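Just so you know, the protein sequences line up as chains A, B, C and D, in that order. In this text, residue positions in the first sequence follow numbering that gives the first Met the number 0: the first is 0, and each later residue adds one. In this text, residue positions in the second sequence follow numbering that gives the first Met the number 0: the first is 0, and each later residue adds one. In this text, residue positions in the third sequence follow numbering that gives the first Met the number 0: the first is 0, and each later residue adds one. In this text, residue positions in the fourth sequence follow numbering that gives the first Met the number 0: the first is 0, and each later residue adds one.
Take these hints with a grain of salt, some might be off.
Below are the BS3-like pairs computed for lysine-lysine, each with C-alpha atoms no more than 25 Å apart in a straight line [as the list claims (entries may be wrong)]:
hint	chain 1	residue 1	chain 2	residue 2
1	D	K49	A	K238
2	A	K3	D	K49
3	B	K87	B	K76
Rather than coming from a laboratory, the hints here were simulated on the basis of the structure. Quick caveat, the model's predicted, so the values are computed rather than measured.
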Amino acid sequence: MELKKLVEDLRVTGVTRLNKRHFTLELLSPVKLPLILPGQFAQALVENSPSTFLRRPFSIHSVDYQKNTLRLLIQIKGPGTSHLAELKAGDHLNLIYPLGNSFSLPFTKDVLLVGGGCGVAPLLFLAQFLNQNNIHPTILLGFRTREEVSEIDAYSRCGKVLITTDDGTEGEKGLVVDHSIFQREKIEFKKIYCCGPDAMMKAVAKIARMNNTDCEVSLENTMACGFGVCLCCITPTDKGNERVCVEGPVFNIRRLPWK
Amino acid sequence: MELKKLVEDLRVTGVTRLNKRHFTLELLSPVKLPLILPGQFAQALVENSPSTFLRRPFSIHSVDYQKNTLRLLIQIKGPGTSHLAELKAGDHLNLIYPLGNSFSLPFTKDVLLVGGGCGVAPLLFLAQFLNQNNIHPTILLGFRTREEVSEIDAYSRCGKVLITTDDGTEGEKGLVVDHSIFQREKIEFKKIYCCGPDAMMKAVAKIARMNNTDCEVSLENTMACGFGVCLCCITPTDKGNERVCVEGPVFNIRRLPWK
Amino acid sequence: MPDLSVNIAGLPFKNPVTTASGTFGYGDEFRDFIDLGRLGGIFVKAVTGKNRDGNAYPRMAETSSGMLNSVGLQNKGIEHFCHEIYPRIKNFNTNIIVNVSGSTVEEYVEVAERINELDNIPAIELNISCPNVKLGGMAFGTIPSMATEVTAEVRKVYHKVLMVKLSPNVTSISDLAKAVVDGGADVITLINTLLGMAIDAERRRPVLSTITGGLSGPAIKPVALRMVWQVHKAVHVPIIGLGGIMNATDAIEFILAGASAIQVGTANFIDPAASVKIADGIESYMERHKIKHITDLVGALRTE
Amino acid sequence: MPDLSVNIAGLPFKNPVTTASGTFGYGDEFRDFIDLGRLGGIFVKAVTGKNRDGNAYPRMAETSSGMLNSVGLQNKGIEHFCHEIYPRIKNFNTNIIVNVSGSTVEEYVEVAERINELDNIPAIELNISCPNVKLGGMAFGTIPSMATEVTAEVRKVYHKVLMVKLSPNVTSISDLAKAVVDGGADVITLINTLLGMAIDAERRRPVLSTITGGLSGPAIKPVALRMVWQVHKAVHVPIIGLGGIMNATDAIEFILAGASAIQVGTANFIDPAASVKIADGIESYMERHKIKHITDLVGALRTE
Ligand SMILES: Cc1cc2nc3c(=O)[nH]c(=O)nc-3n(C[C@H](O)[C@H](O)[C@H](O)COP(=O)(O)OP(=O)(O)OC[C@H]3O[C@@H](n4cnc5c(N)ncnc54)[C@H](O)[C@@H]3O)c2cc1C
Ligand SMILES: Cc1cc2nc3c(=O)[nH]c(=O)nc-3n(C[C@H](O)[C@H](O)[C@H](O)COP(=O)(O)OP(=O)(O)OC[C@H]3O[C@@H](n4cnc5c(N)ncnc54)[C@H](O)[C@@H]3O)c2cc1C
Ligand SMILES: Cc1cc2nc3c(=O)[nH]c(=O)nc-3n(C[C@H](O)[C@H](O)[C@H](O)COP(=O)(O)O)c2cc1C
Ligand SMILES: Cc1cc2nc3c(=O)[nH]c(=O)nc-3n(C[C@H](O)[C@H](O)[C@H](O)COP(=O)(O)O)c2cc1C
Ligand code: FES
Ligand code: FES
Numbered sequence: 000m001e002l003k004k005l006v007e008d009l010r011v012t013g014v015t016r017l018n019k020r021h022f023t024l025e026l027l028s029p030v031k032l033p034l035i036l037p038g039q040f041a042q043a044l045v046e047n048s049p050s051t052f053l054r055r056p057f058s059i060h061s062v063d064y065q066k067n068t069l070r071l072l073i074q075i076k077g078p079g080t081s082h083l084a085e086l087k088a089g090d091h092l093n094l095i096y097p098l099g100n101s102f103s104l105p106f107t108k109d110v111l112l113v114g115g116g117c118g119v120a121p122l123l124f125l126a127q128f129l130n131q132n133n134i135h136p137t138i139l140l141g142f143r144t145r146e147e148v149s150e151i152d153a154y155s156r157c158g159k160v161l162i163t164t165d166d167g168t169e170g171e172k173g174l175v176v177d178h179s180i181f182q183r184e185k186i187e188f189k190k191i192y193c194c195g196p197d198a199m200m201k202a203v204a205k206i207a208r209m210n211n212t213d214c215e216v217s218l219e220n221t222m223a224c225g226f227g228v229c230l231c232c233i234t235p236t237d238k239g240n241e242r243v244c245v246e247g248p249v250f251n252i253r254r255l256p257w258k
Numbered sequence: 000m001e002l003k004k005l006v007e008d009l010r011v012t013g014v015t016r017l018n019k020r021h022f023t024l025e026l027l028s029p030v031k032l033p034l035i036l037p038g039q040f041a042q043a044l045v046e047n048s049p050s051t052f053l054r055r056p057f058s059i060h061s062v063d064y065q066k067n068t069l070r071l072l073i074q075i076k077g078p079g080t081s082h083l084a085e086l087k088a089g090d091h092l093n094l095i096y097p098l099g100n101s102f103s104l105p106f107t108k109d110v111l112l113v114g115g116g117c118g119v120a121p122l123l124f125l126a127q128f129l130n131q132n133n134i135h136p137t138i139l140l141g142f143r144t145r146e147e148v149s150e151i152d153a154y155s156r157c158g159k160v161l162i163t164t165d166d167g168t169e170g171e172k173g174l175v176v177d178h179s180i181f182q183r184e185k186i187e188f189k190k191i192y193c194c195g196p197d198a199m200m201k202a203v204a205k206i207a208r209m210n211n212t213d214c215e216v217s218l219e220n221t222m223a224c225g226f227g228v229c230l231c232c233i234t235p236t237d238k239g240n241e242r243v244c245v246e247g248p249v250f251n252i253r254r255l256p257w258k
Numbered sequence: 000m001p002d003l004s005v006n007i008a009g010l011p012f013k014n015p016v017t018t019a020s021g022t023f024g025y026g027d028e029f030r031d032f033i034d035l036g037r038l039g040g041i042f043v044k045a046v047t048g049k050n051r052d053g054n055a056y057p058r059m060a061e062t063s064s065g066m067l068n069s070v071g072l073q074n075k076g077i078e079h080f081c082h083e084i085y086p087r088i089k090n091f092n093t094n095i096i097v098n099v100s101g102s103t104v105e106e107y108v109e110v111a112e113r114i115n116e117l118d119n120i121p122a123i124e125l126n127i128s129c130p131n132v133k134l135g136g137m138a139f140g141t142i143p144s145m146a147t148e149v150t151a152e153v154r155k156v157y158h159k160v161l162m163v164k165l166s167p168n169v170t171s172i173s174d175l176a177k178a179v180v181d182g183g184a185d186v187i188t189l190i191n192t193l194l195g196m197a198i199d200a201e202r203r204r205p206v207l208s209t210i211t212g213g214l215s216g217p218a219i220k221p222v223a224l225r226m227v228w229q230v231h232k233a234v235h236v237p238i239i240g241l242g243g244i245m246n247a248t249d250a251i252e253f254i255l256a257g258a259s260a261i262q263v264g265t266a267n268f269i270d271p272a273a274s275v276k277i278a279d280g281i282e283s284y285m286e287r288h289k290i291k292h293i294t295d296l297v298g299a300l301r302t303e
Numbered sequence: 000m001p002d003l004s005v006n007i008a009g010l011p012f013k014n015p016v017t018t019a020s021g022t023f024g025y026g027d028e029f030r031d032f033i034d035l036g037r038l039g040g041i042f043v044k045a046v047t048g049k050n051r052d053g054n055a056y057p058r059m060a061e062t063s064s065g066m067l068n069s070v071g072l073q074n075k076g077i078e079h080f081c082h083e084i085y086p087r088i089k090n091f092n093t094n095i096i097v098n099v100s101g102s103t104v105e106e107y108v109e110v111a112e113r114i115n116e117l118d119n120i121p122a123i124e125l126n127i128s129c130p131n132v133k134l135g136g137m138a139f140g141t142i143p144s145m146a147t148e149v150t151a152e153v154r155k156v157y158h159k160v161l162m163v164k165l166s167p168n169v170t171s172i173s174d175l176a177k178a179v180v181d182g183g184a185d186v187i188t189l190i191n192t193l194l195g196m197a198i199d200a201e202r203r204r205p206v207l208s209t210i211t212g213g214l215s216g217p218a219i220k221p222v223a224l225r226m227v228w229q230v231h232k233a234v235h236v237p238i239i240g241l242g243g244i245m246n247a248t249d250a251i252e253f254i255l256a257g258a259s260a261i262q263v264g265t266a267n268f269i270d271p272a273a274s275v276k277i278a279d280g281i282e283s284y285m286e287r288h289k290i291k292h293i294t295d296l297v298g299a300l301r302t303e
């Protein structure tokens, strides 16, 4: 398996509606899947959508090399994701993948994964990958409300799952950073991986910094190409403006100018 | 019933594939159908087709006031018609209709209808309308080849049907103007209605002129609006530049500068 | 209920939604589809001094998210307008504004002078921007001194609200805007069509009889928005914005960029009820964002 | 097999399909997707005198059939190009052409002079059109006398094929074309992006950090085609055409309008293999239409 990028029509082999705003797609590759690392993403072509000119980026949610499939977890936001929500088994979806860097393996077993919204997408793949390396992370997931809490079984197989909901209908009430694990003097984790809305990642990064805990975040950004040539997706880092689609999407918070 | 134009989502209640390039759509109106005259057309909105910005005009192929449905006969040409070919029963199609003028009632019973290609579309409706006025026209239809010959039963119920095919696989071989009815000294019809490709209509018009036979043609044209406001669809007539979508699509050849 | 009314150079509009010249006929063609009284105003098709047949067929080409036209100011001239059309439309319950075109300064002046006499036409829109007329039509809108001159000459004979519609086919839209304000324009309309071209590769021929034509539709919206924004910063007269407006969100964008009112053009072809839907959509936006007066949104783009 | 090769100002291209600056990186990013040797040429990202960080985020907005960008010439400067990038790309089996940008005449001259020394770069493309740079970048491409001057100064130090890329944001593209030919340009590239703007109505803010940006993609194709056609009639140097080319039919349209070669830009983002598919599609078109040499199609639009 080599780290080569592909442009391919993958066949939709499964569509699972998780709740009103979220669904997963299982996609079968016509050729042997390349090596895909947790944190990498794909650029999906939304066909038959007059208002969607560019591709849309989605994290790889999980990979099954036996079945030669990968999965995406998609939150319906605008025209592109609404169109993708209409895909049915048997349809095709054109992807450029795998793109971007990946989360790095931790030098500790005290690992926390924090995800919110569609930011949970890359964390399942990461958790499974950590398991293969004998790490069983704690997984803190934030949802809006009980109805949106989903795939907990899959996460539970990888580690201990903690939940917050904005309205308190499941798990602890509040945002992920309000969770009781963060309310102690000193948090018990040596490495945090985080993906979610900007504000959430910044709040988690702040906690990590205060605790001197190593922390990697997966940034969102508006992308035109997704493979490094348009320079539209930059983020300021310690090395100047870097491309989120190539040097990222995963950055260690040490490298980001977040306070 | 009044001659009011509507913009409506009609429900597809039937799709009939006639052959590789042609299909009909049966469309159910959510409100009582307005009065529609033969020769009139509809402007169809092609949704989910990024390369189809404007509506596409199609003649009304037949009307069933009991069922409250109308039908379109569509030839697949480019992106718009290809998309419409994917409509299924239960889908909706937005139409502006009925548009344009109509064929006029003849003052004779010796009537000939001549159609070629997708130009046959308005002739079925016209033939049915003539029947209601106790006229049983001769109907000459030109097709490319046997495989494309279709709906002959429906036409036969309205009058005597004659056929030409380009390759002679059914009916007489050649173009409609090559048909034996035109090879006599004097043709036997007092009124000709014609719809088809420009070259065909011009050739038929020439025969009509030579025989001093009254003749109406239904012109094609590129349309932006379809209801008279953009002035994109003009054709030169004895009154200057007239709009094919309002003053037409049906014109008496007397009014056209065709030689 | 939010207040959608705007006052443009003294002329009240019940809401900022009007329809663009050349895309709405004389309004009556839309009576089956909408209540014309719901509109802020109607800009009718260009009127010239004499009858014009316009350009030869084909006059239209579809493009990505847009269309090209080369209609070429087809109309029956000012006499016909005054006697045949004006009586038919003068009692519409909305502002009827006439788009005035010409090939010479004299022609503009002649048409404006006649329209000045029509009681129920409260404003004219000088079209110094139509790219389809060979004789001067283009030049008026692209050379500032000529734009000032034609505006000033019309200003002398026209005593109601004088709007001037600019062409986007220029290096500096602000210079043109300043030029027509110098000439006495009360209002600036932006934009007319971008000059474009379509080719039929199979036949190896231009699609339009005139080879080039005017591009309209959502494809040009980014250019139109930019020009409204630039002109809003450059001059202090009200702006009427258009170019690819298809829905209420597009309309709000133009208003935020600095337009006091907007025109719906090509969208009318795709949905004849688009204009009224846009008026409704603006109202919902204002309710959702708790905006009391539409005028609070004009030029309210936050750029700090 | 049809002959797709073209010779542009003495420089041979194996086919007329090249890729546009700023949309193809330095080429190596595409190695997973296509065989670079199948391309007529690659126009690499703009190079300036010194390192430039480019504009702040957000730099991109999607529009109807297009996109706006305000990347702003981010690059590490000419030294870095010569030492780090040139060695990596100099043996690609295609023409590597460097897009040269600057804020002053001196900067253009400095960069051109350095690139003149690089054996495997047979041509440069002077980008006098990028709308994103505050200091002069815009002015060079919009004022004919400045366009002549910068071209002439570069001409003195640059001894290989000198291409100049024009901005479409002008009243008369022919005047600019004539101006750069007067300055000594061997080839004209058209068009760069149209200046546009996008607004987020919900947040009432511009989408781009720079407020305005450059519009590319199929939305601008009609304008680009028109300019290629106008310049083809106005000057006698070869033209490289681009603007919204997504497929072989689009490419043929530009060639018929007068382009000797074409560039594929934004299309690379949607399909990284677009350029090679376009080369294949041109070949099929030529076979179908029995065209032996692609040069027979250049400017072959039938307008009689
Ligand atoms: C590396 C990466 C990985 C991602 N992974 C996932 C994933 O696994 N699952 C998932 O559901 N979504 C993911 N996203 C976000 C997803 O790409 C967007 O939600 C999607 O593009 C929206 O498309 P749309 O046409 O539906 O909505 P649009 O109309 O394009 O956008 C709707 C709203 O979302 C905002 N938006 C769109 N794209 C982005 C973006 N990239 N960053 C920030 N705001 C944006 C827009 O400004 C707008 O307000 C990822 C984004 C990136 C950059
Ligand atoms: C009043 C009227 C009635 C019509 N009735 C029917 C009908 O009943 N059934 C039917 O199948 N078709 C009918 N047509 C033609 C139909 O509108 C076109 O075939 C259709 O718009 C093509 O759309 P497209 O997107 O598939 O192809 P496009 O890509 O738009 O066109 C494919 C090819 O057809 C040519 N073309 C497209 N539209 C027209 C036109 N209006 N006139 C001449 N050439 C054109 C184009 O130049 C192009 O070469 C009618 C047209 C008019 C004006
Ligand atoms: C078919 C057509 C005819 C037009 N005729 C005129 C006209 O007579 N006078 C004028 O000032 N503008 C005319 N225009 C330009 C429009 O009023 C408008 O400025 C332009 O189409 C951009 O807006 P849109 O993208 O919303 O259509 C015409 C546009 C079209 C599409
Ligand atoms: C993201 C992006 C970056 C660009 N950077 C440059 C550049 O550095 N130099 C340049 O001359 N043109 C640049 N351009 C313009 C393109 O080369 C091209 O002229 C324009 O995009 C129109 O072509 P298209 O519609 O095929 O993309 C850039 C365009 C895009 C979209
Ligand atoms: S999205 Fe193009 S460089 Fe990252
Ligand atoms: S199509 Fe608009 S006037 Fe006929």
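Verification of the hints:
1. D:K49 - A:K238: 16 Å, holds
2. A:K3 - D:K49: Not satisfied, since the Cα-Cα distance of roughly 33 Å exceeds 25 Å.
3. B:K87 - B:K76: 19 Å, holds
Hint violations for this structure: number 2 only, all remaining hints satisfied.
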